[in-house]
Amino acid sequence: MSGNADIYHEMIVDYSRHPSNFGKIENPTVHYHDSNPLCGDSIDIYMNVDDDKVSDIKFSGRGCAICLACTSVLTEIVKGKNIEDVRKIQKNDVLGELGLENLQAVRIKCALLSLKVLKYGLYSYLAAKDANADALKQEASSLY
Amino acid sequence: MQTTISTEQIRKDFPILQRKVRNEKNLVYLDNAATTQKPIQVINAITDFYTNHNSNIHRAVHALAEEATEAYEMTRDKIAKFLNIKDRQEIVFVRGTTEAINLVAYAWGRQNIKEGDIIVTTEYEHHSNIVPWQLLTQEKKGKLEYIAIDDNGELILDQLDQYLATGKVKLVAVSQMSNVLGTITDVATIIAKCKKAEVRVLIDGAQSVPHMKVDIDALGCDFFAFSGHKMLGPTGVGVLWAKKELLEQMAPFHGGGDMIREVHKYETTWNDLPYKFEAGTPNIADVIGFAAAIDYLNNIGMDYVRSHEIEITKYALDKLSQINGIKLYGTSDMSKRGGVISFNFADIHPHDLATIIDEDGVAIRSGHHCAQVLMEKLDIAATSRASFYIYNTKEEVDVLINSLSRAARLFKL
Numbered sequence: 001m002s003g004n005a006d007i008y009h010e011m012i013v014d015y016s017r018h019p020s021n022f023g024k025i026e027n028p029t030v031h032y033h034d035s036n037p038l039c040g041d042s043i044d045i046y047m048n049v050d051d052d053k054v055s056d057i058k059f060s061g062r063g064c065a066i067c068l069a070c071t072s073v074l075t076e077i078v079k080g081k082n083i084e085d086v087r088k089i090q091k092n093d094v095l096g097e098l099g100l101e102n103l104q105a106v107r108i109k110c111a112l113l114s115l116k117v118l119k120y121g122l123y124s125y126l127a128a129k130d131a132n133a134d135a136l137k138q139e140a141s142s143l144y
Numbered sequence: 001m002q003t004t005i006s007t008e009q010i011r012k013d014f015p016i017l018q019r020k021v022r023n024e025k026n027l028v029y030l031d032n033a034a035t036t037q038k039p040i041q042v043i044n045a046i047t048d049f050y051t052n053h054n055s056n057i058h059r060a061v062h063a064l065a066e067e068a069t070e071a072y073e074m075t076r077d078k079i080a081k082f083l084n085i086k087d088r089q090e091i092v093f094v095r096g097t098t099e100a101i102n103l104v105a106y107a108w109g110r111q112n113i114k115e116g117d118i119i120v121t122t123e124y125e126h127h128s129n130i131v132p133w134q135l136l137t138q139e140k141k142g143k144l145e146y147i148a149i150d151d152n153g154e155l156i157l158d159q160l161d162q163y164l165a166t167g168k169v170k171l172v173a174v175s176q177m178s179n180v181l182g183t184i185t186d187v188a189t190i191i192a193k194c195k196k197a198e199v200r201v202l203i204d205g206a207q208s209v210p211h212m213k214v215d216i217d218a219l220g221c222d223f224f225a226f227s228g229h230k231m232l233g234p235t236g237v238g239v240l241w242a243k244k245e246l247l248e249q250m251a252p253f254h255g256g257g258d259m260i261r262e263v264h265k266y267e268t269t270w271n272d273l274p275y276k277f278e279a280g281t282p283n284i285a286d287v288i289g290f291a292a293a294i295d296y297l298n299n300i301g302m303d304y305v306r307s308h309e310i311e312i313t314k315y316a317l318d319k320l321s322q323i324n325g326i327k328l329y330g331t332s333d334m335s336k337r338g339g340v341i342s343f344n345f346a347d348i349h350p351h352d353l354a355t356i357i358d359e360d361g362v363a364i365r366s367g368h369h370c371a372q373v374l375m376e377k378l379d380i381a382a383t384s385r386a387s388f389y390i391y392n393t394k395e396e397v398d399v400l401i402n403s404l405s406r407a408a409r410l411f412k413l
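Protein sequence lines, in the order shown, are assigned to chains P and V. Take 1 as the starting number for the first sequence in the numbering used here and just add one per residue. Take 1 as the starting number for the second sequence in the numbering used here and just add one per residue.
Treat the hints loosely; a few may be bogus.
Per label pair, the in silico range of CB-to-CB distance [stated by the list, open to error]:
| no. | chain 1 | residue 1 | chain 2 | residue 2 | range |
| --- | --- | --- | --- | --- | --- |
| 1 | V | Lys114 | P | Asn92 | 54 to 62 angstroms |
| 2 | P | Asp85 | V | Lys319 | 49 to 57 angstroms |
| 3 | V | Lys114 | P | Lys81 | 53 to 61 angstroms |
| 4 | V | Tyr50 | P | Asp85 | 52 to 60 angstroms |
| 5 | P | Ser55 | V | Asp151 | 46 to 54 angstroms |
| 6 | P | Ser55 | V | Lys114 | 50 to 58 angstroms |
| 7 | P | Asp134 | V | Gln138 | 31 to 39 angstroms |
| 8 | V | Gln372 | P | Ala127 | 28 to 36 angstroms |
| 9 | V | Thr47 | P | Asp85 | 55 to 63 angstroms |
| 10 | P | Lys88 | V | Lys377 | 39 to 47 angstroms |
| 11 | P | Ser141 | V | Gly255 | 32 to 40 angstroms |
| 12 | P | Asp130 | V | Asp150 | 53 to 61 angstroms |
| 13 | V | Glu248 | P | Ala127 | 50 to 58 angstroms |
These are computed hints drawn from the structure, not numbers from a lab. Don't be surprised by glycine CBs; every beta carbon is placed ideally from N, CA and C.
Whenever a hint applies, use it, and build me the whole structure from the sequences.
Structural data, given as structure tokens:
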């Protein structure tokens with residue numbers, strides 16, 4: 001990647017104007033919210049879990065194009081997946097979809113806020129029933 | 001001197017302005033409200049201190065200590081002259097504006113704010129002039145009230161009258177210039193109203209002192225805070241000025257070395273002003289470097305600083321307002337605004353915009369600028385902000401404008 005502005009390719013710009021799975025779920029199985037204090041990006045993720053499967057996922061909030069595109073891609077990856085597979089999602093699964101593997105350090109928090117919210121959300125859902133849930137919390141807090 | 005000042009000449013004093021960024025682009029530094037660049041004179045002063053005079057101050061009797069103490073104290077005298085402060089003992093060195101305001105909130109506020117008391121601030125304050133008052137009023141069961149802004153980004157001062165009429169206001173804390181809108185506050189009117197009501201006034205001068213002539217004696221406020229790094233000086237140096245009678249009544253902020261007269265096992269008496277508030281080894285080298293910044297500004301003159309910024313800001317406002325989709329915040333009356341321009345560009349998020357124009361070497365700020373109360377009021381998450389100083393040129397504004405059109409193409413505006 002020659003320059004940082006190359007990240008603003010068509011897919012990113014399109015996602016920022018037309019994000020996927022944007023909205024809210026009433027009474028979801030999982031709901032989590034977080035924000036980036038430095039830039040004000042703010043994301044809520046809502047999930048319904050049926051038979052250990054994410055039957056529906058939506059997000060609301062506001063953020064920059066990078067944040068909205070990454071959150072869109074993340075929700076597309078998660079939707080319909082088994083909880084165990086959702087647990088294994090890594091940052092490059094999201095960044096790779098959008099060609100953002102080399103994103104500059106100061107913008108990485110924009111890209112990974114939603115993954116952080118997802119991991120904390122899953123942790124809050126699994127904490128009571130899964131002895132290994134702490135790993136999710138650890139992963140979430142060390143993402144960026 | 002005044003007639004010979006040229007921006008070109010000034011730029012030669014700033015080594016960083018010669019460097020290239022992002023693939024050999026000229027640096028266009030438009031983030032001066034966050035911090036300014038440093039002239040070689042300031043850099044040299046700090047280097048000279050560490051190379052030739054480094055020592056702790058105030059106590060040792062050796063040669064280096066004497067030199068260091070003298071240079072450190074000379075900065076205090078220069079500040080007194082620069083801002084027309086009559087008594088040098090009223091000048092307390094702190095880390096910056098934030099620490100100065102926290103000092104007042106802690107040392108004055110805890111003695112003087114009681115349940116039901118009101119502290120008034122404004123909707124365009126920096127977090128540093130909001131959060132310390134929240135902490136204080138929460139602890140003391142007081143109340144924090146805000147003077148609202150109108151559509152021009154100016155304070156609705158009638159609201160101050162209403163608050164003062166309650167008889168419960170103990171302090172009005174207001175910035176002399178908004179770091180987001182650039183609005184210059186009519187502090188003379190605010191101070192006059194407060195004096196009449198016998199209410200204390202704190203002025204946050206972080207954005208005003210670097211950009212316009214300030215006369216603290218003429219203002220007649222009670223507390224005044226500002227930072228060195230926003231006016232060519234090093235980071236980590238700021239000033240709290242307060243009336244002597246207040247500093248004398250106030251409890252210390254930090255306990256430790258240098259702030260004491262006598263320490264016994266269970267009691268301590270305080271040192272004279274201002275040392276009572278300068279506990280521990282201060283930031284000696286940077287205080288000395290700050291003196292070089294004040295010398296620099298004195299040489300070009302604050303009238304020149306202000307008129308240069310008005311010229312550049314007018315030019316930029318004019319250019320920006322010609323671009324479709326640009327939303328400008330704040331007043332267009334240059335007599336009421338400084339060299340700060342906050343804007344939004346169609347639906348491009350300020351962070352995306354800042355990243356794109358950074359590719360062209362243009363450094364602007366994007367985000368909430370530590371003014372989330374104001375963002376809430378304007379009902380936006382963030383703005384882009386260009387802020388100017390003595391070394392900025394109209395050509396640099398043109399680079400910004402061209403860069404914005406590249407962003408427009410990328411986002412298909």
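Here's how the hints hold up against the structure:
1. V/Lys114 to P/Asn92: 54 to 62 angstroms: This hint holds: roughly 57 angstroms between Cβ atoms.
2. P/Asp85 to V/Lys319: 49 to 57 angstroms: holds (52 angstroms)
3. V/Lys114 to P/Lys81: 53 to 61 angstroms: Holds: the Cβ-Cβ distance is about 58 angstroms, inside 53 to 61 angstroms.
4. V/Tyr50 to P/Asp85: 52 to 60 angstroms: Given a distance of about 57 angstroms, which is inside 52 to 60 angstroms, the answer is holds.
5. P/Ser55 to V/Asp151: 46 to 54 angstroms: Because 47 angstroms falls inside the window, the suggested range holds.
6. P/Ser55 to V/Lys114: 50 to 58 angstroms: holds (56 angstroms)
7. P/Asp134 to V/Gln138: 31 to 39 angstroms: Since the Cβ atoms of P/Asp134 and V/Gln138 sit about 33 angstroms apart, the hinted range of 31 to 39 angstroms holds.
8. V/Gln372 to P/Ala127: 28 to 36 angstroms: holds (31 angstroms)
9. V/Thr47 to P/Asp85: 55 to 63 angstroms: For V/Thr47 and P/Asp85 the Cβ distance comes to about 58 angstroms; the hint holds.
10. P/Lys88 to V/Lys377: 39 to 47 angstroms: holds (43 angstroms)
11. P/Ser141 to V/Gly255: 32 to 40 angstroms: holds (35 angstroms)
12. P/Asp130 to V/Asp150: 53 to 61 angstroms: Once the Cβ atoms are compared, 55 angstroms apart, the range 53 to 61 angstroms for V/Asp150 and P/Asp130 holds.
13. V/Glu248 to P/Ala127: 50 to 58 angstroms: Given range 50 to 58 angstroms: holds, Cβ gap about 55 angstroms.
Going through the hint list in order, the structure satisfies each hint without exception.
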